[in-house]
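Protein chains: 2
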Amino acid sequence: MFSQTVEYSLRAVAHLAKVAPAVVSVREMASAIRVPEAYLAKVLQHLADSNIVVTRRGKGGGASLARRTTDLTLLEVVQAVDPIQRIKTCPMGLSSHGAKLCPLHRHLDSALAAMIEAFGNTTLHQIMNDPDPVKPLCEVETERLVELGMPSLPSSAAKGP
Amino acid sequence: MFSQTVEYSLRAVAHLAKVAPAVVSVREMASAIRVPEAYLAKVLQHLADSNIVVTRRGKGGGASLARRTTDLTLLEVVQAVDPIQRIKTCPMGLSSHGAKLCPLHRHLDSALAAMIEAFGNTTLHQIMNDPDPVKPLCEVETERLVELGMPSLPSSAAKGP
Chain W
1 MFSQTVEYSL RAVAHLAKVA PAVVSVREMA SAIRVPEAYL AKVLQHLADS
51 NIVVTRRGKG GGASLARRTT DLTLLEVVQA VDPIQRIKTC PMGLSSHGAK
101 LCPLHRHLDS ALAAMIEAFG NTTLHQIMND PDPVKPLCEV ETERLVELGM
151 PSLPSSAAKG P
Chain B
1 MFSQTVEYSL RAVAHLAKVA PAVVSVREMA SAIRVPEAYL AKVLQHLADS
51 NIVVTRRGKG GGASLARRTT DLTLLEVVQA VDPIQRIKTC PMGLSSHGAK
101 LCPLHRHLDS ALAAMIEAFG NTTLHQIMND PDPVKPLCEV ETERLVELGM
151 PSLPSSAAKG P
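Respectively, the protein sequence lines represent chains W and B.
Here the first sequence is numbered in the working numbering, starting from 1 and rising by one per residue.
Here the second sequence is numbered in the working numbering, starting from 1 and rising by one per residue.
Just chain W, with the same shape it has in the complex:
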């Protein structure tokens, strides 16, 4: 039900939150979060258009988070790349319904509204600081550290400056 684009954008934002305030190159991030590089570049462009990430070109360029994780909800990320659209008028175009939805479409719309509300109430900070021992993208750091010949460190120690 969630598109690949939504999944990739959430991974990207979670990764940037993890290393914030570091600027990460698209190539490095693509490898870390297992997303094709060209696809990731497009996702980041959408996120930049919505002021969620800042992208910088050239040497030393890449992307970083544009905002504090406490000010960024899952909903904003989703709506920036593949918006959940509420049902505002009858999809059948029945003119007698006007702006009113029939019970069928009202039910569908309610489910969308509930999803929008749930995502709107969840910040990236909450996701990244959830007490659950399983962390978002938890293996990414470990793999990078192993690649660099370093021992695996707890999440906080591996953060950027």
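What the hints contain is simulated information worked out from the structure, not anything from laboratory work.
One should not assume that every hint holds.
Identical chains blur together in the list; that is why a pair holds if it fits in one copy or across any two.
[As the list claims (entries may be wrong)] Keeping only pairs whose Cα atoms sit at most 16 Å apart, straight-line, the calculated EDC-like set for lysine to aspartate or glutamate is:
{"id": "1", "residue 1": "K59", "residue 2": "E28"}
{"id": "2", "residue 1": "K100", "residue 2": "D49"}
{"id": "3", "residue 1": "K42", "residue 2": "D82"}
Model, not experiment: these values are computed from the prediction.
Assemble chain B onto chain W, guided by the hints.
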């Protein structure tokens, strides 16, 4: 967020509920619910595979509802044509997560679970008998009656035998 297939299948089932226990030809239904005929035929096949409609070939053939509307939920219709898939394992394939989801994917999965629950708790009977004056497919009958040169009738009077 809901696919065209989901929208069309719900229209089809609502239409069959409205005229139940009548058998409606695919051509007639396609015109009534504004769905391309070939597309509708495929949707009906999926619904028949899940024992939601019964299809009959040949002259006088078509589709009818296989069950009482009180025994049929929106969820069953959706799952028959374009299933909402829960997130059961890490979409990144992180082996350390195993069967456990990280907080990010747990949040996405919770939203899916809530949608599944809402649709599972809503029967077609509830949708068709909602006290709202705006009825599902309400214009369809009116248009058909006008086509047939008959005056517009209240919903109940237009039902099949």
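State whether the alpha carbon distance between K42 and D82 is at most 16 Å within one copy, between copies, both, or neither. within (12 Å within a copy, 27 Å between copies)
Status of E28 relative to K59 across identical chains (alpha carbons, at most 16 Å): Within one copy only: 13 Å inside, 63 Å across.
For K100 and D49, with the copy left unspecified, which applies at a CA distance of at most 16 Å: within, between, both, or neither? Answer is neither; intra-copy 33 Å and inter-copy 34 Å both fail.
Figure legend: structure checked against the earlier numbered hints; the only hint not met is number 2.
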